[in-house]
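*Asks:* What follows is the residue order along each chain.
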Amino acid sequence: MQAIVAEDLRKSYTTYLRRGLRREKKVVEALRGVSFEVRYGEVFGLLGPNGAGKTTTVKILATLLLPDSGKATVAGFDVVEQPTEVRSRIGVTLTVEKGFFWKLTGRENLKYFGLLRGLSGSSLDSKVSELLKLTGLEKLGASDKLYEEYSLGMKAKLSLARALLADPPVLMLDEPTLGLDPPSAREVRELLVKLAREEGKAVLVTTHNMWEAEAICDRVAIINQGIIAAVGSVGELKKLAPRRSALKVLLEAPRLDELREAVDWIGEEDGWTAVKVYCEPGEEGEALAGIASLVAKLGGRVHKVEVAEPTLEDVFIELTRERA
Amino acid sequence: MTAVDVVKASLYLTYSWYKNNRVMLAMSLLWPYLMAFLVLALGSMYGSLSEFTRRMGVSNPVLYMLASSTVAFSSIAILEAAVGFVMYNRWLGTLQYIVLSPVKSKTLIAVAGIPDSMISAVVSVTAVAPAAAYFEGLHGALKAIAVLLLILAGMTPMLAFSVIAAAATLSVREETNVLAFLNPLILLLSGVFYPIEVLPRLLQLASKAVPSKYVIDAAKLVATYTTPEGKLLMLALYPLAALAVAYNLIALAGVDKAVSLAKRRGFE
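Quick note, the sequences are listed as chains A and B, same order.
Residues in the first sequence are numbered consecutively from 1, following my numbering.
Residues in the second sequence are numbered consecutively from 1, following my numbering.
Here chain A stands alone, though its shape is the one from the complex (with noise of 0.2 Å):
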């Protein structure tokens, strides 16, 4: 049996846009058509950019939103006909810096929804004392301290505990590591692929961070503008990625606006601009002298050229170019 199986989901919401004194509506297409599987064991990662339909997808899996048309079923249940058993078997975060009481200690935040869980008495305190320490809140001694004066990261694996009072066999992360540093970030990501893996849980997790989705995802599906563009491992994927040269060439360029225009990616890499240009094969010669002379012509300097391997990332850029 899948964990999660969602087929051909499709929801729109009617916005209100002001204009003076009158009001335009508007209907927004979230999902079109959105289907893919996730199985028992595995991390399976929801790809897109900022307002691709992730997290109404992960809403609409979690029973908090009524899809329009289409069917889902979470751990075999159906999540429009048996929400409450649907419920009973997933973990979800949805946002990682809020979502608690600001005026409860942690340790007190996660007894209130253990209790909401049904669960109770010492069975309770032991649950909420391993969560605790799972998730290293015991350690950074944050268990007893308020929610408001907890940190971003302490917030981030506060969500997680919650997410894993009742041990359910499904977890709907959204973004768990969003705006985290470096350290609580791996925290969080070792921890998932720790419970896929040897407790056999189903975790879904929407992303836009590709290194991340490469790094601890099994599978990928990669959603733009409410269609999931592709579905499969990460080296099923990168075989999707342009049959073309990637450049990467990191760089020093005091001006980037003009350098965003002339190539296909633009980010930074141990303190250098990186840039990716993609080219037929045979043409990175042609493709290199234009790229250099324009940073000598921006008063800028070449560091370092290599022809890079495809990535998640490369993919992604080509798919949600394609659609957008």
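It should be emphasised that the hints constitute simulated quantities derived from the structure, not laboratory data.
This list has only true hints and no planted wrong ones.
Result set (DSSO-like, lysine-lysine): computed pairs, CA atoms no more than 30 Å apart in a straight line:
# : chain 1 : residue 1 : chain 2 : residue 2
1 : A       : Lys133    : B       : Lys8
2 : A       : Lys139    : A       : Lys194
3 : A       : Lys25     : A       : Lys71
4 : A       : Lys98     : B       : Lys104
Please read these numbers as outputs of a predicted model, since none were measured by experiment.
Model the placement of chain B on the given structure of chain A, informed by the hints.
*Replies:* Just chain B, lined up with the frame of chain A:
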């Protein structure tokens, strides 16, 4: 997972909240005194205390004001507990996680505010009990307990009324307006600090649909007269029972609709 688990969780939340916010607890205990003295001070600008005592037919105006403030505070607390449950949890971002508990959403909305309302009532009656005991000895303390029992009895229709308001809060985007409109309206129509008869005819009619009006009538009888007449007390309690039935029926249908509307828009 049943409604009892939701009540237990809410009790724990309220307990923890008060434990970590002792100043707030102290303020809750002080509130009836502040309110009573504010009204008495304002009133003394326009007439003498003895005249007020004569016109209202009460034995002790201070105790009368304290009892009225307690009932007013409790009525608003019930509304705050039910409507505020939706509103504050939406603001905190906790609503969607509460809704994710494996219990029907309508059960959650209906029962989650009960513990907070009961605790608020107990706190406010506890606040005025020492004053009641000071003025009237053991008899006064017993009156305070009687007022508490009346408030608790009045909760059935008031809670259903509040659940309807909570359902409305769930359905609308600008949720603060629900409380901002209802709180002063309830105070106005309940006749907390003045007889209902001073209101315009239309508002007098509207006040008949407000449960706290009857709780206040009954509480005033118990708190301000030496021996309240049974018949008069029943006059206040019968409409309460009728309103309990009516509001509970409306709430049953209303919450279902509000929850399904909220699910179409998505819980936030």
